[in-house]
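Chemist: Here is what each chain is made of, one letter per residue.
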Amino acid sequence: GQSLEQPSEVTAVEGAIVQINCTYQTSGFYGLSWYQQHDGGAPTFLSYNALDGLEETGRFSSFLSRSDSYGYLLLQELQMKDSASYFCAYNQGGKLIFGQGTELSVKP
Amino acid sequence: ETGVTQTPRHLVMGMTNKKSLKCEQHLGHNAMYWYKQSAKKPLELMFVYSLEERVENNSVPSRFSPECPNSSHLFLHLHTLQPEDSALYLCASSQEGSAGGVGELFFGEGSRLTVL
Chain A
94 GQSLEQPSEV TAVEGAIVQI NCTYQTSGFY GLSWYQQHDG GAPTFLSYNA
144 LDGLEETGRF SSFLSRSDSY GYLLLQELQM KDSASYFCAY NQGGKLIFGQ
194 GTELSVKP
Chain B
7 ETGVTQTPRH LVMGMTNKKS LKCEQHLGHN AMYWYKQSAK KPLELMFVYS
57 LEERVENNSV PSRFSPECPN SSHLFLHLHT LQPEDSALYL CASSQEGSAG
107 GVGELFFGEG SRLTVL
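Top line first, the protein sequences correspond to chains A and B. The numbering used here applies: residue 94 is where the first sequence begins, and numbers increase by one. The numbering used here applies: residue 7 is where the second sequence begins, and numbers increase by one.
Honestly, the hints are just simulated from the structure, not real lab data. Mixed in with the good hints there might be a few duds.
27 Å max Cα-Cα, derived DSS-like pairs, lysine-lysine [as the list claims (entries may be wrong)]: (1) K47(B) to K28(B); (2) K46(B) to K174(A); (3) K174(A) to K47(B); (4) K200(A) to K47(B); (5) K200(A) to K46(B).
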């Protein structure tokens, strides 16, 4: 079958580090993406991993292990503005399939 | 204008109405997508157009009819919808074949549809 699993909610405090995990199951896989969506806004692209390893973009990093069908998004030095929903999505060759999203709440 | 723009932003329609959602991308991309986002559910891929040809129709009911007249415009024609079709409809574009592949989609703000 095809599926993506990520936690539905995560809460953290300002300045902390949070990791959002994503596991997937699919017959065709080209890479894993992460998107951020604020309430009422459009999803915006954060990162893409086609190969195993860590990709770093400022305060955000994303990791992929193809052998484990697993990835995560790491957010460092959390800020209040990071409160949003975060989606992992796998590239199935010409289309992106999204997970249910993780709602991150950052508290003061 | 830049990016991906969708109109209307909000739409209320009865089950017997016919309406259309419009999407325009100003990024020079060669692929466009329709996604449906319902509360507490993942973004569901509905249609994919690559180089103006429909390459994906994800088992979407025929009451949704897409149209892609050129690489910059995408429409979603709606008729005899059901209340459960109420959702946020998101349009996106991407450049296939680039280094980023389909890992990076550019989304519009969405059209919030309510079916009464």
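Chemist: For every hint, state whether the structure bears it out.
Modeler: Each hint tested on the structure:
no., hint, result
1, K47(B) to K28(B), "23 Å, holds"
2, K46(B) to K174(A), "21 Å, holds"
3, K174(A) to K47(B), "23 Å, holds"
4, K200(A) to K47(B), "25 Å, holds"
5, K200(A) to K46(B), "22 Å, holds"
Hint compliance for this structure: every hint is met.
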